[in-house]
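Note that the protein sequences, when read in sequence, are chains B and V.
Going by my numbering, the first residue of the first sequence is number 1, and it counts up by one from there.
Going by my numbering, the first residue of the second sequence is number 343, and it counts up by one from there.
Since the hints were derived computationally from the structure, they do not count as laboratory data.
Among these hints, one or two may not hold up.
Stated by the list, open to error - Chain V is nowhere near these chain B residues, computed Cβ spacing over 12 Å in every case:
1) Asp73
2) Phe88
3) Asp94
4) Gly111
5) Asp113
6) Thr116
7) Val139
8) Val168
9) Tyr239
10) Thr241
11) Leu248
12) Pro250
13) Gly264
14) Gly279
15) Val334
Claimed, not checked - A few chain V residues facing chain B, derived, Cβ under 10 Å:
16) Ala466
17) Val467
18) Val594
Note that beta-carbon positions come from the ideal geometry of N, C-alpha and C, so glycine has one too.
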Amino acid sequence: MTTTEAQAAPDLRRGDVLSRTRHTLGRVTVTVARSIAIFVPVFLLATFVTFALRSLSGLSPARIQLGEEATPDAVARVEAQWGLDRPFLVQYWDWFTGVLHGRLGGSWTNGADISTLIGLGLGVSLSVATFALIIGVVVGFVLGTAAALRRTTWVDRAITGFVTVISVMPAFVVGIVLVTVFAVGLHLFPSAGYVPAAQGFGPWLAHITLPAVALSFDVVADVARQLRSSLIAAYRENYVTGAVVRGLSPRRIFFVHVLRNGLGPALATLGLKFPSLVGASVVTEWIFGLQGFGRFANDSAQAGDVPAVQGVLVVSIVLVVAFNLIVNLVLARVTPASQRGV
Amino acid sequence: MLRRVLVLPSGRIAVAILAVIALLALFGPLLAPQNPLATSDNTLASASGSHWLGTDYLGRDVLSRLLDGSRLSVLGSLEVAVTALVVGSVPGILSVYLGRAFEWITLRLADTLVALPFLLFAVAVIALLGNGITQAMLVTGVLVAPLFYRVSRAATLAVARSQYVEAALLSGASIGWVVRRHVWVKVLPPIAVALAQTFGVGFVIVSSLTFLGIGVQPPAPTWGGLLASDLGYLSHQPWAPLAPALLIMITVWAGNLLADALRDVSGEAGRALVNSRKTRTDRPDQSEPAPTGGA
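Next comes chain V alone, as it looks inside the complex (with noise of 0.2 Å):
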């Protein structure tokens, strides 16, 4: 799938742009230059050779704090997809074959959970519940977890009604080796397309977090919590808040573009265009693509 989403070229930006931000997610705190909690008396400095990104009101170095929180915005946005991914698309695959009642109770479920607005409640349960991004991206991956239930239900709705799944069934195939063999596999891009969006999702919900305050605790660096700082000295330092807000919408940007190429290119017609991409780029002379392979 990997490799499909790399024929095209949107593809290849998405990937690239998410590979550097892990990159900086893994290595950002050895990259710092500077101890990213150390204050000094040089305040709102702007740009230099020794502060790249200029300092903040306490003196402490813009670009070792970028490079420094890089990792938490990361792993909570992560957190929120992984979570969702497991909340939402179990009970969707399942709410097909276990009965009525469990998919009454599903479906009720997920209606309820569109209904709460995420963001108001992932700042009343963290504030109640203990103070802590860990918990608060939970919250959150339970709270967008019905993109994934509603996806995954829809995708398994489609297969369980197809032929060759009734002609399995009726050859005495139990439901689990059904749900293995071919629900999973029509299952997949779709899910997918999900967790990369909700990866877009979780991180604007990791920054709007820490850019409140809650979840960390305050000396410590977060992408969200710098913005909120340059917001009292914007008459002072009107461009501080670029850096951040920059890295933000990139990331958000990437992990939409890969939702994008993922969709374009998971099933029928995305293998067509795969294929015609391929066919044009390895044989330019002909005008042509050749026809491609069906199913």
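Isolated chain B, as found in the complex (with noise of 0.2 Å):
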């Protein structure tokens, strides 16, 4: 540790505590600006590819306002209410200077504000994802922390087994699985609904948790692979063979060596599951009845309402970068190779 921190920062060698702390800062900031580097592009050209949809599905709010037999007139009027007379790259940029300042616009069906109607489901979806990606850390980490600590034993095989298993159970097999066993079966949990947190706390964990345990699989699944193979080849490294002959205990190599540097795959696979844990949404929120992000996306794509589709997917961009953003952060403050930008 002390060494690659001597090489990364030479005025490290002062011992100075404030140098130290502004070392630190000066990491943070250089792996927000590269990410934001990475991203900003990304960002640019996602916001694009979703606006031209509306041009290439070729629907228009006047088929869904005034029914199929409308005059091509009163078609042209509805549409120069919307603004799509306009150039093509007008239309983009007051769309896209919008979504900077929160605005998604007005949807075609009833004409309410887009980022209102994305905000109420958002909670819903927001409880499920971050309760799954919890369960799905904390199982993951176990399984796959188990299977490499005891690896090659009957514990090691079980454990890789079962995450087979259950690596290719899709969500919505999950799902369904788990209402006919716990909601219908067992009548141990509510099979559809969502109840706010606020109105207590037992029911909103009673309403999430079959939802979330369905998301979870694949991260746990992902996780504790990730987790198993990436802690038995931290096992082989050089160093670790230094510790053991240095006479340090197997707890403090664990976690001081092994678990240091064994940890970044597993965190980097985090951040590119969370995008399909978002899809996924859409197929768990239909089973589970909840009215979340990923219906609204469904019943708004299913009714051809253009902007709200294209607000859902700006969204859900959004949600995916911020969290890769989070995801490098941590992987720059946890594993110390990824420091030297490796």
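Work from the hints to combine the two standalone chains into their complex.
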């Protein structure tokens, strides 16, 4: 640890506490700056693709509001009202500046503010997704670590087998199984619906548990597998042999030498996993009757409500980008290697 | 490569399962004992001699619907895998050779596609651009293409820096020739692994979309659609989702198993593994495997 930091910043040799904090701050700034340098073009491109969907789809609010037998005059009037008769790039710029200010426009079906509609559903979805992430990380961490510490024993084989089974179960299959067993069969949990946390912690938890468990299987499998292989790889490193030779306790070797270096790939998987978690919410919310973000996306897509779909996609991109930024920051803090920009 | 995979037991299992699934996709609709769309008064029946897997809420034969729906699910996931292969690996290989601008643009494109939640995007695009499983799978293929891009780019980078490629370029070989002669061979194994993985991913996506009823017209049977229609009648038929769910899981598992087997037998380590297994099976009396041939 000390050697890498000394290499990274010569001014640390003075042993100055102030420079150490400044160094940490600098590192965080560098990580954030590097991430933003990647994410800004990503965001621009993704929003452009999202906006181009309307032109590609050929859908129009007139179809929804006036029905199929509208006269061309009426269609033109409605389209002018929504500003759709202007050049494409002007529309895009208008929409994009609105997005930067948090305005996603009005829905074609009922004219309601899309930001508000999404905000209503986001609470549900984020509760479920956060709970799923917590389950996934905790269970995946325990399983992966246990398998790595007891590698090539029956514990390892049992965990690997279990992880293989749950990794091939899509969220909607798990969801149906959970509903059948725990809601329809045992009446332990409600099968559908949502109660906000403000109306009591117990009911809230009961309503989000099954969907969260359904979503978490994928995360559990990925975290456990990745952690197992990277921990085993870390145990083979020379510095671990060195630590054993120096007579350090197994506990110290695990926490200081192995875990810190083995955690990186598992955390990185988590960053990649988040988009599919957001995507899978479309299916789980449908099964569990949650009026969340994914359900809103599905409903507005089926209704041909283009601005609503665009809003959902923009919000999902922002969520993914923000989550990845957090993962990168944690990664830079936890694993020594990523500080060197490897 | 296939012969090498078949040396491993896991590879044999995976290939066998996928072969059965492929046969189902080819001949399933012909094998269906009854008309998968014919309704009857015998609704929500349990398994019997005439209906091996029972009937659904409209009295349609579940087995026939499963067999009839297999083609769409398998073709859809193959389409995802092949689209991703073409869209991802060609720029992946070229990004090493076509200069920094092309490299930068394709890298940013790959970053962008990774950031898009593909199920959400697939739902949106299909609903807005027209209801068809073919378009749906094309879009999904493009969205999962970064996997192929990264894999083929990494493999190409490794080969491009090797001395024999430098030697070939120095002695006047064209880049096209180098790609065909040297790069392609090294890129193929990781691409095969990614292809098997993507087949599994694609299968989950096709099933999810058909589960939501997106991309297919209602009476047409699909594995995902069967699950969705079972969901409303769980209290009457709690075992009904079992057959389609198991079929989906086994198919995805076989794809993953094939990916692992391909990974195990490719590269230098894989060659040694295959050779040692061969020696063990060919000459069981020898305790130590014969020295394995190198490159």
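Hint check:
no.	hint	in the structure
1	Asp73	holds (25 Å)
2	Phe88	holds (16 Å)
3	Asp94	holds (20 Å)
4	Gly111	holds (19 Å)
5	Asp113	holds (20 Å)
6	Thr116	holds (20 Å)
7	Val139	holds (20 Å)
8	Val168	violated (4 Å)
9	Tyr239	holds (24 Å)
10	Thr241	holds (22 Å)
11	Leu248	holds (31 Å)
12	Pro250	holds (29 Å)
13	Gly264	holds (17 Å)
14	Gly279	violated (3 Å)
15	Val334	holds (22 Å)
16	Ala466	holds (5 Å)
17	Val467	holds (7 Å)
18	Val594	holds (4 Å)
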